[in-house]
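So the sequence lines, in the order shown, correspond to chains A and B. With the first letter of the first sequence counted as 1, position 322 gets the number 322 in the working numbering; the numbers rise by one all the way through. With the first letter of the second sequence counted as 1, position 293 gets the number 293 in the working numbering; the numbers rise by one all the way through.
Hints in this document: simulated from the structure, not taken from any laboratory. Treat the hints with care, as some may be off.
Stated by the list, open to error - Not everything, but these chain A residues come out facing chain B in the computed CB check (under 7 Å):
(1) V58
(2) P62
(3) Q91
(4) S94
(5) F96
(6) P97
(7) H110
(8) I111
(9) V118
(10) V225
What the hints assert, rightly or not - List time: in silico DSS-like cross-link candidates among lysine-lysine, alpha-carbon distance up to 30 Å:
(11) A:K132 to B:K161
(12) A:K59 to A:K132
(13) B:K194 to A:K121
(14) A:K236 to A:K478
(15) A:K478 to A:K132
(16) A:K264 to A:K478
(17) A:K166 to A:K220
(18) A:K193 to A:K22
(19) A:K114 to B:K194
(20) B:K256 to A:K146
(21) B:K256 to A:K113
(22) A:K22 to A:K52
None of these values were measured; they are calculated from a predicted model. Heads up, the beta-carbon is just placed ideally off N, CA and C, and yes, glycines get one too.
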Amino acid sequence: MEERISHFLILRNINKNYGGVKALEKVDLDIMEGEIHCLVGENGSGKSTLVKIITGVVKPEPGGKIEIKGESFEFLDPLTSFLKGIHVVHQDLSLFPNLSVAENIAIHEHIMKKSGLVNWKRIYEVADRVMKRLGIYIDPHIQVEKLSVADQQLVAICRSLASDAKLMILDEPTSSLTSREVERLFSILRDLKSRGISILFISHRLDEVLDIGERITVLKDGKKVGTFRKEELDKKKLTYLMTGRELAFVRRSKGLEKKVPILKVENLTKYGQFENVSFELHSGEILGLIGPRGAGRTELALSLFGMNPPDSGRIFVEGKEVSFKSNRDAIKHGIGYVPENRLTQGLVLEQSVKNNLVITILERILNDFRLIDEERKNKVAEEMVRKFGIKTAGMDVAAKTLSGGNQQKVVLAKWISTAPKILILDGPTMGIDVAAKESIYRLVSKLANEGIAVLFISDESSEVTANCDRIMLMKNRKIVGVFKKDEISEEELERRIKE
Amino acid sequence: MMRKSRWKIYNQTEFYLFIVLIVLSTILAFVNPKFLRLENIFDLLRNYTFLGILALGQLVVLISGGIDVSFTAIATVSQYIMGVIISKYYIDNILVALAIPIPIGIALGLVNALLVYYTRVHPVIITISTLNVFYGFLMFITSGRWIYKFPPSFRNFVQIKILSFTSAKGTPYGLSILTLFWIIVAVMTWFILKHTNIGRKIYAVGGNLEAARRAGINIFRTYIFVYCYMGGLAGLASFVQAQLAQIIQPNAIVGKELDVLAAAILGGASVFGGSGTVPGAILGVLLIAIIKNGLVLMRIPAYWHQVVMGAIIAGAASVTALQMKFKSRRMVRKNAD
């Protein structure tokens, strides 16, 4: 009988320098056959460089060793890596939105085949076989752009199975899934594991890492901290290993003072999105809004920001009823909105940090001729960078060069500089690492203490229980519960979200 | 998980185009009964073969996520070289005449492909530049001289009919052999797009370039195919145009870029790449043909034609945009459920 545990991939002494900067230093990694191995680390810790070396996209410095099923290489190239069965399910999924499910799954039938003609029958057979193997069904004729993100992800997984994956690398696979979809994904991953397929799971969500992973490798500043078995770790320890600091998630202490509600919503309804939503938000309060994805949170937020007109119900700002025709109206009433997807909605990525910062306050930096005063612009932007602790190589570098956490700070800064009375934050810590999260929490808490009312939309019960004064639970388009701080524990909240 | 496909016919752009085509034809038939005569329809098909072939080439470029506006210059150059060769050496063989412009077109298309791939500049910029370079060279060398002394085989070819009829008045008419070119190119393009690997790769590259690269699709080869195909068809179309006109003028074709783009976009091809079909591209050309023909039959002054064309393009583009909007709204609903 074959030995149950054997190595699929061994990396030894992997180094990679980018122009003098050490992206990876003496990194070792072992991945067993049929193992779910997690890779964690803060942004810039070298995770993506390591993945690129495994997939042959970049070459490591000489002196390292890569071994796939006993075969040694000094470095890999993309084709070799692919043919050895190493496949990546990218965070953006890399699907073809305009092609059918079947064609996406069997795309390598087009690429690898010598004959110039398409064998449509075979494409559908391949798709069918792979989906059956996973025990799922998605209409193979439908275009991928018409699927939900979760189904698209399954298509991406099917594609790597179709071309015989032995090691599947999943990069942040859960960042846009509902908790139920995450469970379905995990059961599929466990199923793959039982068939001897190895999985390298990369995520910022430590709860999930500790749930799905058997062993966890931690990277920090390009060096390997260690590989641990799940039983050796808990969330706190893992955080410490990643950041080198005890991040005691300081719980927000200042209680809320009863005042006139600055924002009041009565029976707000938009059919198919949210129903009979009523709540009050006070100055200086952080109100959490949590619920599974698809509960209607973002739709509600957009309605409060004037971008998604509700069908019925009333909104009051400072006691006066308002009806927003557009987000310009909402901004005039002192509402700021930081969107869920900072990359596509919150930042102009190619533009400089400076230009991104001042975009909401152009009025303030005009000179007497109503033209932009460069000097004033520099001054204002520098002040913001200092105030919000944005780490950037300079004022003129493109926003895309910043880390996720710092990009998020730029988005926050530009809205806060409009002096909003009400700030809606939609998933402000999504996809950023723990240390950056912590600094966002501090910032939000500080803003609330300065009197801004914050509506904090989140997926994570740990962050709302630690940082919000009150928590609203939204499920199936309705608000199903409101809890005061300390009235509900993280575990209890998590249970109610999932039930 | 069960999800039935929604391949309903009314979801297809082609269906709407077809309806519009029928409605317009009916209106025109009422205004002027001449319109629906076979004679008029055959004339229309012959006269729009040039546009039809170019629109099919443009369709392929648009699907790949690119765009080519230099095809008029490519057509002019290949047509002119053909004219010079067959009139100077008096080559009285239509097959030789036909064989000249196509490779020239392919060669010029290759220039586009190389520039687009290596410079990574947006193809609209590249092809505007090559349009001017190709056309400028030709004007410089020829000083715009016309060519009109062709051998008999070249003069007679255009008279060939694949279907012949005689009208009530006794004048013969029929389906021109030139229209057969359009039909052949349409079938060929459909086959390439639907049933060959390169065709599917063109859709993949236009749908998601980065994913195509990651999947190991050879982007370079795809670009070469796409721009050379457009170039080759421009060469063929220039032959058709020379046949119809029986005169080669260096300034006859340049300026038709927008008609071709309009036809392709009207037919449902997206300027963002990844979508478009052969039936759509044919319907787009027919629609433009009928509208222009209708305006003539209704004796509307020529300047109004431009206004109508402009309005139609704006309208068609808006309808497509609205469809996209509804689609995304449905997605929001679906995700909310």
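Structure versus earlier hints - violations, ascending order: Numbers 1, 2, 3, 10, 11, 12, 14, 15, 18, 20 and 21 - these are the hints that the structure violates, sorted from lowest upward.
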